[in-house]
Each structure stands twice: as C-alpha cells, then as structure tokens.
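Colleague: Here are the chains, one letter per residue:
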Amino acid sequence: QKEVEQDPGPLSVPEGAIVSLNCTYSNSAFQYFMWYRQYSRKGPELLMYTYSSGNKEDGRFTAQVDKSSKYISLFIRDSQPSDSATYLCAMSRSNDMRFGAGTRLTVKP
Amino acid sequence: DTGVSQDPRHKITKRGQNVTFRCDPISEHNRLYWYRQTLGQGPEFLTYFQNEAQLEKSRLLSDRFSAERPKGSFSTLEIQRTEQGDSAMYLCASSLSTSGHYNEQFFGPGTRLTVL
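These protein sequence lines are chains A and B, in that order.
First residue of the first sequence: 1, per this note's numbering; consecutive thereafter.
First residue of the second sequence: 1, per this note's numbering; consecutive thereafter.
This is chain B alone, in the form it adopts within the complex (with noise of 0.2 Å):
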C-alpha cells in the first residue's frame, strides 16, 4: 500500500499525558498537513510542511502541540497536556507541489484520540 499511513489508529490517554502521532506520506510528495477533525465537523487545518520546514500554524494550534518533519519524510504531531477538548480525529495528507497546478491532498485514516 502506498497511500499515506498514520500510526497510531486509535489512541485513549488520560488528561494530562502526552501522545504523539506519527505520519507516513505517500514517498516523494514534499508537502505534508495536519488536521484535526471532531465530530460532525469538517478536518480543520492546524499545520503544514514543505519538505522538513514549517511554513504555515493555524491559531488553532496552540503551544501544547508541537509538529515535526525532521528529513522531509514522515512526521510527527505531539500533544503535551492533554485536555479532554483534544479529543478528536488527527488527519495526516500529503501532497505534491508543483508550481501553478492544483496539488492535490491525498488523506490518512487517521488517529482517533480519546482523552479521558
């Protein structure tokens, strides 16, 4: 399979503790999101990377979470502090940029998180 991976699938934690997602792109795509989406919502746009640098935070990301993509590969999303308002679904999609076309976003399953 060589769509985008997300590990893990599902994750449960107590208020307080940290989590970190991890996510595989599709190899050879440069840009790579996240998102978060809760329920009855559509995904909510919190980062994206072109190769290893951050170029664009939403507002919604807030100092608790943290990004990564340290050799313009898979990257990771940590959460410190967990609040039960965290709890949602954390979609991974990477993407392709080319100068003056659409770059399409090609999606992860995703990593449900429960905070208890």
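Here chain A stands alone, though its shape is the one from the complex (with noise of 0.2 Å):
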C-alpha cells in the first residue's frame, strides 16, 4: 500500500463547477498537508498547505484536512479553463515530501 493515495481521474468539469479532488494516507506522522498544480513539462508550484486538522480558505480554494480520518481535500470554486493542470496532494513530517500521484483535472469553456 503507498502511503499516499490519489485517485489519478482524468477528471473532466464545465466551466463554472465545483471541483472536489481528494488523498488519503496511512502514516499518522505527517503534519503538513499541501495541495500542488503542476501544468504539463512544469514543475510542481505550491496552491495550499496545511498545518495539522481544520480547513484553510485562499479565493477559490479550500483545502480540508481530517487527521481522524487520514483524508484530505481541495475544493475549486467557479472553475476556469485556466485551472486545467494536475493537482498533486503531498505531505510531509518533516523534511521529505511524499506525493500522491496527481489527479488531471480539465475545465471545459
């Protein structure tokens, strides 16, 4: 079993929909929780973290954590053509990052 899991999609929205991409994990030592956007041939570039349980709010993004639970959320409000990327959801204890395998996510005009 990995230690983070990510339903990989595709996932394919209108316009204008609510999106809701989510991970579990098994290794109750993590304590930060990040949510990255990765276009095609870029780098992975940080939207949201986390710090422990609770939900963060950042614009069109919310980023839910449930540590009882080992599950964590993003939720994009009014979806843009524009977020068309992979998301990846990534946790760390410390000083290495372990990733799930990234959902693809297209937003359809």
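Some clues are possibly wrong.
Unchecked claim - List time: in silico SDA-like cross-link candidates among lysine to any residue, alpha-carbon distance up to 20 Å:
| no. | chain 1 | residue 1 | chain 2 | residue 2 |
| --- | --- | --- | --- | --- |
| 1 | A | K2 | B | T38 |
| 2 | A | K70 | A | K42 |
| 3 | A | K42 | B | A88 |
| 4 | A | K70 | A | Q31 |
| 5 | B | K57 | B | F74 |
| 6 | B | K71 | B | R22 |
| 7 | A | K42 | B | S87 |
| 8 | B | K14 | B | G85 |
| 9 | A | K56 | B | S87 |
| 10 | A | K42 | B | K71 |
| 11 | A | K56 | B | N103 |
What the hints contain is simulated information worked out from the structure, not anything from laboratory work.
Now that you have both chains on their own, put them together as the hints suggest.
Modeller: So, in structure tokens, the structure goes:
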C-alpha cells in the first residue's frame, strides 16, 4: 500500500463547476498537508498548505484536512479553464514530502 | 528570473552512459531537494541537502546515483551506467529552513531524461 493514495482521474468538468479532489494517507506522523498544481512539462507549484487538521481558504480554493480519517480534500469553486492542470496532494513530517499520483483536471469552457 | 533553475531541460542518452544534471536554487535557500517523477506519478523524494551536507537519502537512490552540493549553492545529480528505467523527470526544489515553521519548497522546471 502506498503512503499516499490519490485517484489519478482524469476528471473533466464544465466551467463554473465545483471541483473536489481527495487523497488518503496511511502515515499518522504527517503534520503538513499540501496541494500542488502542475502544468504539463513544468515543475509543481504550491497552491496551499495546512498544518494539522482543519480548513483553509484562499480565494476559490479550500483545503480540508481530517487527520482522524487520514483524508484530505481540495475544493475549487467556480472552476475556470485556466485551472486545467494536474493537482498533486503532498504531505510531510519534516524534511521529505510524499506525493500522491496526481489528479488530471480539465475544465471545459 | 530568481526561481530555481535546472540544466539541461532535456537529455537523451544511450543505456550505459553517465549523465549529470545541475540545479541552481533560489539564492539564500539553504535546503535543496532532488525528486524523480515518472509519467502519471507524483514526484518521489530522492535526497536533500542542508547547505553542503547531504542529510537524507531515499532507498530509491541506488549506488549509481550520486548528488553533491559542494559549496552549499548549486547541486549536481549524476547517474552512472544509465538504464532505461532511469527515464524520468528529475526535479530540484529549494527552501529556506526556519525552525518551527513550514518550509515551502519551490520547484524548478525539471530535467527530462530519456535513456534509449
């Protein structure tokens, strides 16, 4: 079993839809939970991070962490075609990060 | 551009050859990380440096792989006797370590290696 599980999709939604992306994990030692966005042939860029459990909102993006269920989510409201990318969840204890496989999202105009 | 840079962006080599990649981190970032990403997968941690010291290596980093950061600035990743299974995107990231705070890692564009 992988430490971090993420449905690779692909996921296709119409413009304006609410997108829900999820990951589960097995290592209870993880403390930081991140969401990265990666465009084709580019390096990942950090969208949001959360420390421990709880919610965090940044514009159209909301990250949720439920440590009791070992489950994290990213919600994208009013999705735009420019949101089309691969979304990677990641988590860490201290110095090394463990990534999910990434979910490929397409937002159609 | 003051982001993380990597060179070359693409490398095609024949099986058995040695290759070396370079990463220039964001200036003043004391931590530097190497990851490998294969198609359809997330990045996998390989190793990281705090200044010039290599502090952690993944089991994925076989004896054919070696990384250096001689002056605590740029880093090189060398793969000896390349194999077709080494074909991947090699990503470098850097961060500024601050105790008790989240250390955001900034990624470079990666070096795509193809081993024929």
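Colleague: Would you mind marking each hint as holding or not holding in the structure?
Modeller: Evaluated hints:
1. K2/A <-> T38/B: holds, 16 Å
2. K70/A <-> K42/A: violated, 29 Å
3. K42/A <-> A88/B: holds, 13 Å
4. K70/A <-> Q31/A: holds, 11 Å
5. K57/B <-> F74/B: holds, 18 Å
6. K71/B <-> R22/B: Answer holds: K71/B to R22/B is near 13 Å, not above 20 Å.
7. K42/A <-> S87/B: Holds: K42/A and S87/B sit about 16 Å apart, inside 20 Å.
8. K14/B <-> G85/B: Holds, at about 12 Å.
9. K56/A <-> S87/B: Violated: K56/A and S87/B sit about 37 Å apart, past 20 Å.
10. K42/A <-> K71/B: violated, 27 Å
11. K56/A <-> N103/B: holds, 17 Å
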